[in-house]
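Peer 1: The primary structure of each chain is shown beneath.
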Amino acid sequence: MSTVIIDEHEIEIPEGKRLNVIEAAQLAGIEIPRYCWHPGLSVAGSCRMCLVEVGTRDAKTGQINMMPKLVPACNTPATDGTVIVTQSEKVQRARAMVEERLLVRHPIDCPICDKAGECLLQDYHFQYGEKERRADLRPFTSRRRDIGDVTLFVDRCVMCSRCVRFAREISGTSELMVINRGSHEEIDVVPGYPLSNKLSGNVVDLCPVGALGDKDFLYQQRVWFLARRPGICTGCATGCSIWIDENQDRIYRLKPRENLHVNKWWICNDGRYGYPHVHDPRRLAGPKRREGGRAVDVDWSALPGELTEKLRGAGRLAAVVSPHLTVEEAYLLCKLMRELDPKAVLALGPVPTVGQHETFPGGFTISAEKCPNRRGVEEILKHFTNGVTGFEQFLGQLEEGEIRCAWVSGGYRNDWIDEDTAAKFHRLDLLVVQDLFPSPLSERATYELPAAAFAERDGSYVNRGDRLQSAPWAIRPPAGVRVEGSLLWELLDLEGLYDARAVLDEMSLEMAYFQAAADDLPEVGIDLKVNLLAGAGSGAESA
Amino acid sequence: MSAFEPVLTANIHKDNSHTLKVYEAGGGYRALRKAVKTMAPKEVVDMVRASNLRGRGGAGFPTGLKWTFLPEGHPGPIYLCVNADESEPGTFVNRIQMEFDPHQVLEGTILSAFATRAAAAYIYIRYEYPQCHKRMQQAIDEAYEAGYLGKSVLGSDFRLDVTIHRGAAAYVCGEETGLIESIEGKRAWPRIKPPFPAVEGLFRKPTVVNNVETLANVVHIVDRGVDWFKSIGVPADPNNPRDPGSYGPKLFGVSGHVNRPGCYELPLGVSARELIDEHAGGVWKDRKAKAVIPGGLSTGVMTEPELDTAMDFSALQSVGCLGLGTGCMMVVDETYPMIELLHNSCRFFSHESCGQCTPCREGTHWAVEIIERIKAGRGRLKDLDLLMEISQSMGIIPGTTICGLADGAAWPIKTTIVKFRDELEELIKQTNPVGYAVTDPVDALEDEAHRNWPVLGTTRPYAASTAN
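Sequence lines, in order, name chains A and B.
9 is the number that my numbering gives to position 9 of the first sequence; each next residue is one higher, with no gaps.
Count along the second sequence from 1, then add 543; that gives the number in my numbering.
Among the clues, some could well be false.
[Stated by the list, open to error] Mimicking DSS-like on lysine-lysine, the simulated pairs with C-alpha atoms at most 25 Å apart in a straight line are: (1) A:198 x A:215; (2) A:131 x B:736; (3) B:677 x B:564; (4) B:564 x A:17; (5) B:736 x A:69.
Since the hints were made in silico from the structure, they are not lab data.
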């Protein structure tokens, strides 16, 4: 255990942890300002905003010797006996100096800059900067440059080089570079080789000012109108933690949420820009019943009773459980089907797979499986059926003719079923399709139910690393859409409003695989495997 | 003190002094022979340490001490980089050495590589010295042929390869880690320290970077001994145990408003006045010196009364200069306006700043903006205080920047304003009689003359955003 003294705090640094002064200060709840340091990138030490006074405390005598020089906190290790001073006059003057220097040539763009409200230059100016400007005023606005996937407002750049280091170290593509020298330096790309890689959106998060901008989000919304909600990306089986920034139930952007176990600080472009489908006007708008080829609107209040009655008398039931459902919803669906018909067939919905897993030099991996919860759904199916029936196998079973009624859950973002496959459902007396968008299958459905999008659900997913992550709903679904969990809850005759946590509690008792989910879940999720292997609890069987 | 005999420039007036034949005829490679055949590398290091030889490139760091920072028992390879970037304004002595006595430089390199157990040496020559490049390459080729380089130096198991790397016109490549980054083929942004080059340098291996003149001195230390070296120069201050003294000969360049600009080899400790009057022929046109930059632009300025200061590693600090620097002096006479010196200096450092760290990149640019406004007749008295503060933020408060370029930029500003404040205030009052006392920032929208200022960097008045 190492002891570090920061201002008036004494903190312990756990064994084996190698922290710099910025990280040590964070443990003490002190924020040291910086532009260029980022925990996921190499140390540049160039912005000089993190300058602090350090010294050492003699272990025996307790005497403190401070170094005469200011040092950059990002490049100074916090070891046993390190003394850090962040509030002295010297440090304050250094911070004010750096801030003033950055503002001398900075364009007067706040009123038209997207970053306002989450800009480090603004924040540090208010916290550490001088009140009055001493440099000459030459107001100008920034030039804009198209460098590929993102847009660059050249003159706003403070040369922190985070974006250059990201392209070099994390995506491994090195498209971004610094051109010219000294005060003429700018970020640019080699002509003909634009910033174009699957992780390129991350440079916008990294940029401390409004130089790099997201082309999608540009000028769409002021950040102080956005409510930030935690979520989980459902684009692939990596299951990156995200922030959903919404205003009045409309998503304006997704940002990665720090999760050192899953995505660290990053997210791929497919995930980042994977929200327009939520507000796509083509979404199924309300429950419909088809009789004699005509689609008739059904009232939500009448629907549960109607459905229960129809399902009871339908004969052999089947459910296609989509890997887009949360584990709670998948569990409730299977439970419902088995309650209505103890021999109900439960199958896994199609798992969309594109190419191979793609791992980047920084370690980030995009999964080939483009759904968030195959792992979770599989385990639930194993619990109910002692095996996993794949979708192809299920289609075979449909041919045999025993199944009279099927409940198909979808929730896929793209077309997932074609006419030929949909035709295989023709023998059914009753077909319930719960999906986001119309499809050849929904057009044959007896009951066409609108599904909720990922941001509208409460619930948990299990990624391909057996990590369970939970997130509450971020936006309300459009009028006419009822979240699957809520409908299934009512169909199961459960009391009160849909409570995903209660379902997860039940699952953790019923299924060994979900045992670890019994307690309060940390924001970064929980590795279900670890507890199983450790043999926690009784009768735990390894997954 | 006995009459001083030049050693560093002993050969330069001989015909074909740059050839191996002439060099060997004058006793060249004797020191190398002695070291490789009769000494262990550590003995050479000890000799250089004992001599208190200090780096001649500007920082004056004890060379032997720097060599001891190399980690013991490192599997290597260890690299030696010869800093022949010589871009400090006013400095041209390494050029003379490389053009007229490249073998001496090479022998120093090989000796030092032997001492530090370097596997390869890189000579980084600034692009603007093509003749040096040619002559050094010639010397290297001759040395390979004669067995002074290659797989077996003088038949021993010491092997060394020397490669020349040409720069591309950047002052910051003279900074040791800037030089290393440049050799690695990257943008010359100096590295943050720690780690220091002796631990992690070129290609992340232990590296020593030494100046051309420093390495040439190593030849003579090994050849003539530590006692000889210490008989020249200024002894260490007996009251200060940490003072390494200023031993050895130094190449003093003198340029500017003097009758005989040139390179003069003299013991360290000669006074600035003696250097100008007795060696460089005195100030030209029967004028008096107004300001003297003692050792390259970074060291700042001295005034005429201060010229009795000794040119060594410790005395110049007492007159407010950064130090001896490169020991290459620039003299301006009494007719020279100090604003021009200030402008030239700030423009140079702004142009050469690598741009990595905020105080230097922005500070040097801001200083130029202010000075150009003063020259355009829109200066204020407050500007001088502002310039002083900018210079303080660039390294005078230690630790604010990554490398010492900022210190170099700061000292001319600080010394010029402190020592010539009256002249600058007078200039401001005369050229801006109406507005010199104003304290508010100048607003381009209101200041007619301001709009036509020369524009630096990326600032452009009313630049419309060009969306593409």
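Peer 1: Do the alpha carbons of residue 564 (chain B) and residue 17 (chain A) lie within 25 Å of each other, as the hint requires?
Peer 2: violated (61 Å)
Peer 1: Does residue 677 (chain B) pair with residue 564 (chain B) here, judged by a C-alpha cut-off of 25 Å?
Peer 2: Holds, because 17 Å separates the two Cα atoms, which is no more than 25 Å.
Peer 1: Would you mind confirming whether the straight-line C-alpha gap from residue 736 (chain B) to residue 69 (chain A) stays at or under 25 Å?
Peer 2: holds (13 Å)
Peer 1: Does residue 736 (chain B) lie within 25 Å of residue 131 (chain A) when you go C-alpha to C-alpha?
Peer 2: Violated: residue 131 (chain A) and residue 736 (chain B) sit about 33 Å apart, past 25 Å.
Peer 1: Taken at face value, is the distance from the CA of residue 215 (chain A) to the CA of residue 198 (chain A) at most 25 Å?
Peer 2: holds (15 Å)
Hint violations for this structure: numbers 2, 4, all remaining hints satisfied.
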